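Visitor: One-letter residues, chain by chain:
Number of protein chains: 4
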Amino acid sequence: MSANLNVKYLDCLEACQACLIDCKVCLTKMAGMESDNDCPYCCIQCIEVLEANIGLMAADSKFSKEMCALCAKVCEYCAEHCEAHDHEHCQRCAESCRKCAEECRKMAA
Amino acid sequence: MSANLNVKYLDCLEACQACLIDCKVCLTKMAGMESDNDCPYCCIQCIEVLEANIGLMAADSKFSKEMCALCAKVCEYCAEHCEAHDHEHCQRCAESCRKCAEECRKMAA
Amino acid sequence: MSANLNVKYLDCLEACQACLIDCKVCLTKMAGMESDNDCPYCCIQCIEVLEANIGLMAADSKFSKEMCALCAKVCEYCAEHCEAHDHEHCQRCAESCRKCAEECRKMAA
Amino acid sequence: MSANLNVKYLDCLEACQACLIDCKVCLTKMAGMESDNDCPYCCIQCIEVLEANIGLMAADSKFSKEMCALCAKVCEYCAEHCEAHDHEHCQRCAESCRKCAEECRKMAA
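Chains as they are written, first to last, in the numbering used here: chain Y, 149 to 257; chain X, 149 to 257; chain F, 149 to 257; chain L, 149 to 257.
Same chains, same label: a pair holds when it works inside one copy or across any pair of copies.
Here are the simulated SDA-like cross-link-like pairs (lysine to any residue), alpha carbons at most 20 Å apart as the crow flies:
(1) Lys-213 to Ala-256
(2) Lys-210 to Tyr-225
(3) Lys-156 to Glu-250
(4) Lys-210 to Glu-224
(5) Lys-221 to Ala-256
(6) Lys-247 to Asn-152
(7) Lys-213 to Glu-224
(8) Lys-221 to Phe-211
(9) Lys-213 to Asp-186
(10) Lys-247 to Asp-159
(11) Lys-156 to Ala-166
(12) Lys-156 to Lys-210
(13) Lys-210 to Asp-184
(14) Lys-213 to Val-155
(15) Lys-156 to Glu-236
(16) Lys-210 to Gly-180
(17) Lys-210 to Glu-228
(18) Lys-156 to Arg-253
(19) Lys-213 to Tyr-225
(20) Lys-247 to Ala-217
(21) Lys-210 to Ser-183
Source of the hints: derived by calculation from the structure; they are not laboratory data.
Source: prediction; values computed, not measured.
Chain Y with its partners taken away, still in its complex shape:
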């Protein structure tokens, strides 16, 4: 991981990066597929917040805590919807969102 990145962000940043890819894959796989809940609408929103959160952590921003708190909420919401679908990409997305939410809560504390 990057030189000069504030090490306190390391676990959260990695969780966000993994979650971002899993959300993008889930969104892609669900595109054009009928859904009975908010997946993949939740992934669209999660992607937006994750990208900003990654950017603020990389910038060692004083706004990171507040963004992490919001990111945790959006990840939990996304996990709830994706985990209700049996597709492997939805299950993986939900799992990544849960882990990411946990790391974001630690950062926000």
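Fit chains X, F and L to the known structure of chain Y by using the hints.
Guide: Below, chains X, F and L without anything else, positioned relative to chain Y:
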């Protein structure tokens, strides 16, 4: 539009910004809906390229021409699929993509 | 502006889009230039939050209010630093940030 | 790495993600600092292209090859400028850019 933005980008930048919102709205409205073609999968891809294209133009990057050329292709592909759907958001997205592709081709020339 | 975009976001979305370009231009123009305050470091952070805010509004997300509240804070912080610089791009960026903060506060209310 | 991600992208995606963080950190650390070359202006451009490239690979887009080819060019340009600076963040950024360019060229082939 922004002070110190290179004015040559003005029309293309505005077309890309409008197209970006129309693609995001189309993607959102199509989320969870069955589709018989690449819409909204095409919107996912178009969004990625539009965001980079906007960023490179705002930065007056020497890579803008090449990115505009790629953006024009992705916009045409997106327009072809969205315009086959009767939804207002798909029709609007297709129209924005056509206009954006045209402006991008001018920039790439 | 986009078909099917929730009209309540219109003013805020336009303010965010203008502010995003002005921040990107300010960051670009300041790159490699010495600075006596947080400009353009503030622009880096503002860009991240603006992009997420635009995305959540385009998606008509229930998290938009909270993101708008955070975006207003980051925009005010960015305006404070950019307005202290005489460059036209900094003045423009500060002005856009103030306007954007105002629209974001309305959305967050 | 993500379930259902096309495995052919794995190495390139990881290189792009690492490079993205290193570019964001380099840009942040260089903000407000005088520079004798294009660093951190090159990082601004690299970030835009990397984000799109990551997104297109996650979406298994048919435009990935072309984007990877452009990304390789921007990464090489960024490496040339950052490696001329002795700062640890610049050296790291240059190293990540070289590795990313190599992976992108493989994808583009």
